[in-house]
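Turn these sequences into a full structure, and let the hints guide you.
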Amino acid sequence: MIDEDLASFALERAASADFCAVRMEEGTGKAITLSNGEVVGVEQAEERGLSVRVLVNGALGFAATNILSTTSVEKAVDEALRSARVQRRRERIVFSQERAARASWEVPQRRSLPGVEEAIAFLQDVHRQVAPEVASSMLMYEDSVTHSYFVSSEGSGISSRVPRLSLFYLLTVGQGNDTEQMHRDFGATGGWEQANEWKVAETAVRDVQVLHRLLREGVTPPSGRVDMVLAPFVTGLIAHESCGHPFEADRILGREAAQAGKSFVTPRMQGTRIGSSEVSVVDDPTIEGSYGHYLYDDEGVQARKRYLIRDGIISSFLHNRETAAWFGEQSNAAARAAAYDREPIVRMANTYIQPGDYAPEELLEDVQRGIFMATFMEWNIDDRRYNQKYVGEEAYLIEGGELSTMVRHPALEISTPAFYRAVDAVASDFQLYPATCGKGDPMQGMPVCTGGASVRIRGVQVK
Amino acid sequence: MMEEAVQQALKAGMDDAVARLVTRRERQVKFHRSDISVIKTWEERRLHMFMAKDRRVFSLVLENPDEQDVVRAVQQGRSLVPVISPREHYHGLGQPARGYQSQKRFDPRVDDERRLRSLVSRAIDEARDYVPEVAGVAYAGVDEVQLASSQGVRAEDANSWVTLSVRAFAADNASGHAVACARDTASLSPGVGEEAGQRAVDALRPRPVERGTYDVVFTPLAFANLVASLSRLASAFFVDSGMSMLAGKLDHRVGSQALTVTDSGVHPEGIGSRTFDDEGMPTQETTLIEKGVLASYLHNTSTAHRHHTTTTGNAGILYPTPWNAVVAPGDLRPEELIGSVKRGLLVTNMWYTRFQNYVTGDFSTIARDGTFFIENGSVQHPVEGVRISDNLLRIMQNVALLSAAVTQIAWWEVDIPVFTPAAMVKNVSVTRSFL
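The listed protein sequences correspond, in order, to chains A and B. Okay, so the first sequence: first residue is 1 according to the working numbering, each after it adds one. Okay, so the second sequence: first residue is 1 according to the working numbering, each after it adds one.
For the record, the hints were derived by calculation from the structure and aren't laboratory data. Heads up, the beta-carbon is just placed ideally off N, CA and C, and yes, glycines get one too. Some clues are possibly wrong.
Covered stretches of chain B (chain A as the covering partner; in silico rule of three or more C-beta atoms under 8 Å from a C-beta of chain A) [claimed, not checked]: (1) 84-93; (2) 172-178.
25 Å max Cα-Cα, derived DSS-like pairs, lysine-lysine [claimed, not checked]: (3) A:199 / A:30; (4) B:291 / B:249; (5) B:426 / B:249; (6) B:53 / B:11; (7) B:249 / A:30; (8) A:463 / B:426.
Right, dumping it as structure tokens:
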């Protein structure tokens, strides 16, 4: 049980601050790794601690401890206050005014999270089904249940309980240097019932078959200008990397400049066109059961769906209270912290390309010669989120409107505006894929989803 | 508490047990737009328990535990171990055959708030002499580690670290980055802000790079990115799991004659140095690549047994891990590396290294901060849009020249400390995005 009195004690101790928020968390988690069918080990971890974040004279201080005595908490509060007071900032940090929230929420579970034995059996079953056809397999299962309590000097008091589970695999087929690999993540908030919907073994068996076919039949992809159809596994990543990240207002303002970088997007670009009118990109934390789900962010602001790009126009950025105030807006509840001892910063939740009107097969019909990219392995993007690369893993040639032979490692290297401009059709399909987004210093791996609809892009350069 | 935890585990029928208590305090000063963003402090105490019975392996992390928590953890281990499948390749814990040797620096006051803030102020001022905008972070911290194991190990360690990372912006597309790392403030290299600021100014008005093959001079900050990836994949865990391009290549050439890489847990200046590993085995220097030939993987007791060798003192009991990667220097000045290049690039930093295939080593990574075109041995002008799309082993095999000066690199993107010289690598494939 979280000691809410201790949080109140910390809040009272920080009464001299212009603003104070105390976050406490208590939870447990486990991780099981299977390497080539062998249980490497079972790891369990508990998480229990408190952090205090204060705003004093326009400066921020933050302190965290897992030593939950009044003495230690006093010390943490005093450190946070002193850390803020000693700064002499030229520009005062201001938080947007937000309504204080009193709430208690939890993610429902139809089945409790699996015990160690059941989770191992699940992983071993997946391994058994692919083992005869793979050179190696790595599977990892993780789950956690986190109780949180947030209280602020503005009168907010929010408690929550979030169970979360995920599974990752990396499969290798082939021998020597003639190999192919495929990775996938599965994840959700909720209970063990979610795992039934993942169809892990079925997906893994199919991935292995695809990789073998790629080794047997895969040809060098065409280069030059072609049309491409990208499945949600790929478009979701693109939405995350080249829309979600550059639309994070803290990046736009340079707060992550020395780490994850800045953004090619400037404040003045809000309301301007970035892509074709076919494109809308959404970030929505309220999707129940999704890996990136939450109802209140870690600054106590109620979560909501956000249009980042609407009909090709830059609609809104992702904000916490600090960036919202700078922009003269309200926070849209994007402040998230990966743990009690991490500062809430601007993060995505579930970022996706909004489905359009085309049937997925219609995207292919109109392509005489092109590439269909279903999945990727390698990708990266520069630190202004402008210059990106996605290398296909499962990918096919499109000839006369139909899929033909597999192609090996087509590389789409494209600038962000060029990508969104090139979209001429968006399908009605929709799929979310869980992922862990990296940002923050210290690093905060954050559960998110990427995904959305399939898209067609016209006349793009590939190699 | 450590001794008691191990005894409790043995009484509960475990074959092996390790209790490792880490008490840590750390401070961060983060800054952007030439101003402090936030100052953070952490004070945390965690117990890492490892237990094994009949090759069934279990680990647990407890937050600031008391004795009751330890009893509870052992009970949990006892109840869970029977349902865990045995690990064929688990072979127990090591027993140190020699004493611990440690000459690493230690500064218990390294996290002093005033000193850290003054370090940041100085760096901002230095960079601001060149550029309008500076961002970065400074960390300083101290940890104390107590370890007891069922092999009779009783050991204590203490570590300190301070790092400064500064990125200066002369324009949105013209930046420079420099870092300094040490175990004590006195050993921290000065002039980090100036170096970042100067490089940012040099990077102004970049021209688009042309796709093609270049000889590339990597500064230590850039080369460390690749070496960190290589040393992580030298872990026997990744090798045995089919996730490393180094698998099956012991005694084979994986780098050029110029390339020698060691892992060191005992480097006096290394911020990853430690007296003993997570089994309590003494850390050491391990040659991974000797003049281009793969000499060893990184081992704990179990992976060493599987590979018919001895532990290299790199436990992680579940996953062996590097401490500090050390690239042996060459004998040239950085200017001489540039002078040797007829047509090439100078890359001063990289990020977002991602593999298409861990077995083959095919990957790409993106140059960031000042990147420059070299022609006929001299730097001509800055370039932008550079992506290195190549193969990690091919790059290591094409290392032609190394500088004499070595720098310790660790920052947000390079989480394994790397001591490395600048490197000149022949025939590197460079791509860029189509606009």
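Here's how the hints hold up against the structure:
1. 84-93: With 6 residues close enough to chain A, the hint holds.
2. 172-178: Since 3 is at least three, the answer is holds.
3. A:199 / A:30: Within the cut-off at roughly 21 Å; holds.
4. B:291 / B:249: Distance of about 14 Å is within 25 Å: holds.
5. B:426 / B:249: holds (22 Å)
6. B:53 / B:11: holds (12 Å)
7. B:249 / A:30: Not OK: residue 249 of chain B and residue 30 of chain A at ~34 Å, beyond 25 Å, violated.
8. A:463 / B:426: holds (23 Å)
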